[in-house]
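Asker: Using full-length UniProt numbering, the first residue of the sequence shown is number 1, and each one after it goes up by one.
Hints were generated in silico from the structure; no laboratory data involved. Heads up, a few of these hints could be off.
[Unchecked claim] Between beta-carbon pairs, the in silico distance windows are:
(1) Asn-57 x Asn-126: 15 to 25 Å
(2) Ser-56 x Lys-176: 14 to 24 Å
(3) Tyr-10 x Ser-75: 35 to 45 Å
(4) Leu-138 x Ser-56: 19 to 29 Å
(5) Asp-114 x Tyr-135: 21 to 31 Å
(6) Lys-178 x Met-87: 14 to 24 Å
(7) Glu-140 x Ser-62: 12 to 22 Å
(8) Leu-138 x Gly-65: 16 to 26 Å
(9) Thr-85 x Thr-60: 29 to 39 Å
(10) Ala-46 x Lys-162: 34 to 44 Å
(11) Asn-57 x Ile-158: 16 to 26 Å
(12) Ile-40 x Met-99: 36 to 46 Å
(13) Tyr-10 x Ser-165: 34 to 44 Å
Keep in mind the model is a prediction, meaning the values are calculated, not measured. For glycine and all other residues, C-beta sits at the position ideal for the given N, C-alpha and C.
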Amino acid sequence: MAINEKNSIYLLKAYTAETGLYPKLNYPTAQLHPKNLTDIDIVNRAFYVAIIARHSNLETVSYTGITYRSMIITSNDLEQCKIGTRMVTKTFSSTSKQMNVVLRFLHNNVDIDDQLSIICEYEILNQRAALDIQYISLFEGEQEVLILPYSIFKIVDIKFDKNNSPQVEIKLKECKLK
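Taking the hints into account, I'd like the entire structure generated from these sequences.
Answerer: Now the structure itself:
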């Protein structure tokens with residue numbers, strides 16, 4: 001349907017559906033490297049990313065503003081996070097405009113030894129770095145914003161509270177394109 005109608009919205013609908021597409025797309029996207037650009041599966045996934053990132057009919061859902069994401073990370077991963085450090089997203093990252101939605105996902109994950117619950121607050125500055133897919137997603141109530149691969153963020157603040165969940169809050173600001 002996406003090809004016949006030349007409408008990339010269908011690609012986003014497929015991504016958000018519980019079809020198993022997102023792990024099949026995200027894992028190889030994270031492995032993308034110039035050495036493996038001859039692998040047809042990886043090239044096809046790169047095309048998928050490119051269509052979502054640049055197709056003109058997604059201009060209307062481009063998002064700038066604040067979003068949140070929860071995750072569980074190891075203490076070792078947290079040690080890599082320092083104020084001023086730049087990070088590149090390597091996959092599509094599902095976030096929400098609503099902190100309470102993100103906290104629900106966080107409370108569904110159980111803290112394990114050496115793992116910390118964190119909330120990331122992303123400040124999106126550039127057009128097309130993220131897409132507001134609330135009305136495209138099958139789960140409208142999540143108010144989902146999809147951060148696209150290869151977006152660059154700088155860590156601007158880190159707060160620790162080992163006695164509560166989330167135990168760590170990290171604020172990231174997207175690097176402005178010139």
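Asker: Now tell me if each hint is right for this structure.
Answerer: Checked hints:
1. Asn-57 x Asn-126: 15 to 25 Å: 19 Å, holds
2. Ser-56 x Lys-176: 14 to 24 Å: Between Ser-56 and Lys-176, where Cβ atoms are some 23 Å apart, the hint holds.
3. Tyr-10 x Ser-75: 35 to 45 Å: Given a distance of about 41 Å, which is inside 35 to 45 Å, the answer is holds.
4. Leu-138 x Ser-56: 19 to 29 Å: 24 Å, holds
5. Asp-114 x Tyr-135: 21 to 31 Å: Between Asp-114 and Tyr-135, where Cβ atoms are some 39 Å apart, the hint is violated.
6. Lys-178 x Met-87: 14 to 24 Å: At 19 Å between Cβs, range holds.
7. Glu-140 x Ser-62: 12 to 22 Å: 18 Å, holds
8. Leu-138 x Gly-65: 16 to 26 Å: 22 Å, holds
9. Thr-85 x Thr-60: 29 to 39 Å: 33 Å, holds
10. Ala-46 x Lys-162: 34 to 44 Å: 40 Å, holds
11. Asn-57 x Ile-158: 16 to 26 Å: 38 Å, violated
12. Ile-40 x Met-99: 36 to 46 Å: 41 Å, holds
13. Tyr-10 x Ser-165: 34 to 44 Å: Taking Cβ atoms as reference, Tyr-10 and Ser-165 lie about 37 Å apart, which means the hint holds.
Of the numbered hints listed earlier, those contradicted by the structure are 5, 11.
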